[in-house]
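Let's have the full structure, built from the sequences with the hints guiding it.
From first to last, the protein sequence lines stand for chains A, B, C and D. In terms of the numbering used here, the first sequence opens at residue 1 and continues consecutively. In terms of the numbering used here, the second sequence opens at residue 1 and continues consecutively. In terms of the numbering used here, the third sequence opens at residue 1 and continues consecutively. In terms of the numbering used here, the fourth sequence opens at residue 1 and continues consecutively.
Treat the hints loosely; a few may be bogus.
Which copy is meant is left open, so a pair is good if it fits within one copy or across any two.
Derived pair list, reagent style DSSO-like, types lysine-lysine, alpha-carbon separation capped at 30 angstroms [said to hold, decoys possible]:
id, residue 1, residue 2
1, K67, K129
2, K67, K86
3, K49, K129
4, K86, K120
5, K116, K49
6, K86, K49
7, K49, K118
8, K49, K120
9, K116, K86
Just so you know, these hints were derived from the structure itself, not from any lab.
There are 4 protein chains.
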Amino acid sequence: MNPFFWPVRIYYEDTDAGGVVYHANYLNFFERARTEMLRHLGFEQDQLKEESEVLFVVRSLQIDYLKPAKFNDFLNIVTTITDCRKTWMMFEQTLIRHDEVLCQAHIRIACIDALKLKPKPIPPFILEKLT
Amino acid sequence: MNPFFWPVRIYYEDTDAGGVVYHANYLNFFERARTEMLRHLGFEQDQLKEESEVLFVVRSLQIDYLKPAKFNDFLNIVTTITDCRKTWMMFEQTLIRHDEVLCQAHIRIACIDALKLKPKPIPPFILEKLT
Amino acid sequence: MNPFFWPVRIYYEDTDAGGVVYHANYLNFFERARTEMLRHLGFEQDQLKEESEVLFVVRSLQIDYLKPAKFNDFLNIVTTITDCRKTWMMFEQTLIRHDEVLCQAHIRIACIDALKLKPKPIPPFILEKLT
Amino acid sequence: MNPFFWPVRIYYEDTDAGGVVYHANYLNFFERARTEMLRHLGFEQDQLKEESEVLFVVRSLQIDYLKPAKFNDFLNIVTTITDCRKTWMMFEQTLIRHDEVLCQAHIRIACIDALKLKPKPIPPFILEKLT
Chain A
1 MNPFFWPVRI
11 YYEDTDAGGV
21 VYHANYLNFF
31 ERARTEMLRH
41 LGFEQDQLKE
51 ESEVLFVVRS
61 LQIDYLKPAK
71 FNDFLNIVTT
81 ITDCRKTWMM
91 FEQTLIRHDE
101 VLCQAHIRIA
111 CIDALKLKPK
121 PIPPFILEKL
131 T
Chain B
1 MNPFFWPVRI
11 YYEDTDAGGV
21 VYHANYLNFF
31 ERARTEMLRH
41 LGFEQDQLKE
51 ESEVLFVVRS
61 LQIDYLKPAK
71 FNDFLNIVTT
81 ITDCRKTWMM
91 FEQTLIRHDE
101 VLCQAHIRIA
111 CIDALKLKPK
121 PIPPFILEKL
131 T
Chain C
1 MNPFFWPVRI
11 YYEDTDAGGV
21 VYHANYLNFF
31 ERARTEMLRH
41 LGFEQDQLKE
51 ESEVLFVVRS
61 LQIDYLKPAK
71 FNDFLNIVTT
81 ITDCRKTWMM
91 FEQTLIRHDE
101 VLCQAHIRIA
111 CIDALKLKPK
121 PIPPFILEKL
131 T
Chain D
1 MNPFFWPVRI
11 YYEDTDAGGV
21 VYHANYLNFF
31 ERARTEMLRH
41 LGFEQDQLKE
51 ESEVLFVVRS
61 LQIDYLKPAK
71 FNDFLNIVTT
81 ITDCRKTWMM
91 FEQTLIRHDE
101 VLCQAHIRIA
111 CIDALKLKPK
121 PIPPFILEKL
131 T
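Written out as structure tokens, the structure is:
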């Protein structure tokens with residue numbers, strides 16, 4: 001599958017007193033990009049919850065902070081699914097400024113039952129689109 | 001009723017690139033203090049939701065930012081209920097550093113039905129404690 | 001001046017356990033819209049800080065929460081400057097879903113010296129564009 | 001060195017529409033605990049910045065989300081320094097509810113020059129206390 005690109009603008013809310021983006025907030029940017037990638041593939045998470053009773057949740061992640069993003073930066077998030085199994089997917093996401101990588105993450109997303117909150121197979125109509 | 005005091009420490013997450021606390025985050029501090037005041041009076045909001053089917057939500061607020069709070073500040077929140085009616089309460093909350101007022105807010109909290117999300121009378125056993 | 005429109009998508013980061021947007025986060029949306037309005041008029045806040053040594057900060061605000069915004073909502077922020085004086089401006093901002101007003105705020109923004117953090121006249125080349 | 005314990009209460013601001021703590025917010029809790037551990041050892045980060053011209057920043061982290069934290073939970077953060085070198089330290093941090101581990105992270109913190117934002121040796125008077 002092709003990488004998915006999503007832009008992000010840095011606002012005051014994203015920064016901290018160090019003058020750069022607060023480290024936890026990069027996870028918000030990556031979450032937004034995964035949501036938009038799913039939407040781009042035709043999946044709305046609120047509908048998936050209602051109709052297929054599944055939620056996608058972060059199970060683990062590894063992140064490297066290489067260079068800081070700053071207020072007013074206009075950046076790109078590059079999102080790729082690197083692995084997709086029965087109940088989880090692996091995303092690679094990088095935050096870039098022009099051709100500079102600011103931050104890189106590997107994020108494991110689990111598919112869980114929306115009520116029982118237990119692992120559940122990714123619905124076939126989603127799997128099909130992801131692979 | 002006596003004012004209720006609750007401390008707050010300022011961490012990096014609370015600040016922005018201006019070097020001071022980001023304006024929206026003061027609302028978090030006030031929310032924490034209202035939660036702790038209710039707890040102090042014997043009310044846990046998750047139990048109120050389960051057992052009495054009520055939620056307390058912010059209906060409107062007015063806030064003045066007088067002096068900025070900074071990273072590492074150790075502050076106090078002073079919370080008073082200034083009015084309490086059938087379906088809402090009025091809080092006055094100030095954030096202070098020693099005897100200096102940094103920020104002052106008047107916040108109207110509505111009692112709503114946890115399912116219908118419509119106004120609902122504050123349960124009598126709560127009203128009794130608040131007035 | 002014409003109202004300025006800016007879209008906002010609601011992500012998980014914006015919501016709380018009540019299932020709707022957490023009340024403090026509406027202030028982020030309004031801040032983003034003010035930043036984009038200034039950008040639209042040709043002003044970048046990081047340049048204003050560097051070159052004109054001014055910061056725009058929230059001095060006070062009043063906000064009414066009328067209907068909750070929810071996960072996945074795609075909303076519009078309507079921003080108008082209703083008053084503009086020597087050292088401050090008054091914004092009216094509403095968050096709308098189609099023709100429904102979810103939230104409305106009146107926000108006073110002060111112009112301050114970026115170093116002394118004291119009130120400072122709005123630079124004439126900005127005032128000119130704002131009025 | 002002994003593990004350092006720091007409590008955390010879960011408020012509305014920490015949760016999302018899934019009804020549990022939003023995944024990025026766990027990083028805030030761990031940051032607070034590292035700040036408090038340094039304070040407990042006698043180091044205030046604002047003084048370190050002013051007087052020793054050093055900042056401690058997150059360079060990379062790995063985090064496992066095992067069980068969700070919920071609104072109103074009262075939890076503990078257990079913080080240990082597992083490695084300490086010339087310009088960085090490795091923290092292991094777990095978030096626990098009674099004897100249940102909710103979340104576990106390994107976080108590499110780099111010491112950088114507060115002005116040049118480049119790696120800088122951890123000041124000897126800090127290293128001494130950390131090892």
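Pop the pair K116 and K86 into one bin, within, between, both or neither, using alpha-carbon distances up to 30 angstroms.
within (18 angstroms within a copy, 37 angstroms between copies)
Can you give me the call for K49 and K118, within, between, both or neither, at a CA distance of at most 30 angstroms?
Classified as both; 14 angstroms inside a copy, 24 angstroms across copies.
How would you label the pair K116, K49 (within, between, both, or neither) given a Cα cut-off of 30 angstroms?
Both: 12 angstroms inside a copy, 20 angstroms across copies.
Identical-chain pair category, K49 with K120, by Cα at 30 angstroms:
both (12 angstroms within a copy, 29 angstroms between copies)
How would you classify K86 and K49 at a CA-CA limit of 30 angstroms: within, between, both, or neither?
within (18 angstroms within a copy, 36 angstroms between copies)
Tell me, please, which holds for K67 and K129 at an alpha-carbon limit of 30 angstroms: within, between, both or neither?
Answer is between; shortest inter-copy Cα gap is 29 angstroms, intra-copy 33 angstroms.
Which holds for K49 with K129 at a C-alpha limit of 30 angstroms: within a copy, between copies, both or neither?
within (18 angstroms within a copy, 40 angstroms between copies)
Taking 30 angstroms as the upper bound on the Cα-Cα distance, should K67 and K86 be classified as within, between, both, or neither?
between (35 angstroms within a copy, 20 angstroms between copies)
From the Cα coordinates, with 30 angstroms as the cut-off, is the pair K86 and K120 best called within, between, both, or neither?
within (8 angstroms within a copy, 45 angstroms between copies)
Every hint, counting from the list given before, is met by this structure.
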